Amino acid sequence: TELLQVDLSEDGTQFIIGPGGFGDMMSRTSSLAGDDERNGDKEQKKPFVCPLCGQSFTRRDNLANHIKTHTGDRPFMCQYCHKCFSRKDYLKQHERIHTGEKPYPCDICGRAFTRKEGLTDHMRCHSDFRAFSCETCGKSFKQKCGLRFHKRNYKH
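Numbering (the working numbering), first residue to last: 31 to 186.
Bear in mind the hints are in silico, worked out from the structure with no lab data behind them.
This one's a predicted model, so the numbers in the text were calculated from it and none came from an experiment.
Don't take each hint at face value.
Result set (DSS-like, lysine-lysine): computed pairs, CA atoms no more than 25 Å apart in a straight line [what the hints assert, rightly or not]:
id, residue 1, residue 2
1, K118, K76
2, K122, K132
3, K98, K75
4, K132, K172
5, K146, K132
6, K132, K169
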């Protein structure tokens with residue numbers, strides 16, 4: 031088990047990240063934001079900053095989830111194939127592959143999806159909106175895969 035030490039040289043604060051959690055990782059940025067924060071700068075809305083990459087978050091738990099991308103911490107394991115995930119919601123989404131659960135049905139045709147994003151993409155096929163256009167000929171498509179197919183098969 032490895033500990034990761036991060037030094038924020040601006041104020042000398044050190045953070046220790048270990049297997050037991052993130053220690054003081056979730057400290058607020060007010061000491062670093064200074065006047066910008068008091069003046070209502072965007073940073074005030076995202077007070078939790080990752081000391082490793084500088085990305086900021088509105089919530090402490092979002093920062094904690096983000097930190098796992100740096101530490102490689104993946105405590106949630108699939109009971110079917112033993113693949114590990116950094117977040118419980120990622121695990122739940124993955125396990126639907128094994129269980130066949132599709133909790134997002136289309137109200138129009140009944141087709142169901144494992145992810146909300148899948149349903150959102152699918153709903154385009156029921157509308158006339160064509161968001162994806164070929165830069166060469168101007169032909170437009172409802173879904174990105176239609177444009178990809180067009181580009182592959184119709185070399186302009």
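Here is how each hint holds up against the structure:
| no. | hint | verdict |
| --- | --- | --- |
| 1 | K118 - K76 | holds, 23 Å |
| 2 | K122 - K132 | holds, 12 Å |
| 3 | K98 - K75 | holds, 22 Å |
| 4 | K132 - K172 | holds, 23 Å |
| 5 | K146 - K132 | holds, 10 Å |
| 6 | K132 - K169 | violated, 33 Å |
The structure is inconsistent with hint 6 alone, although it conforms to all the rest.
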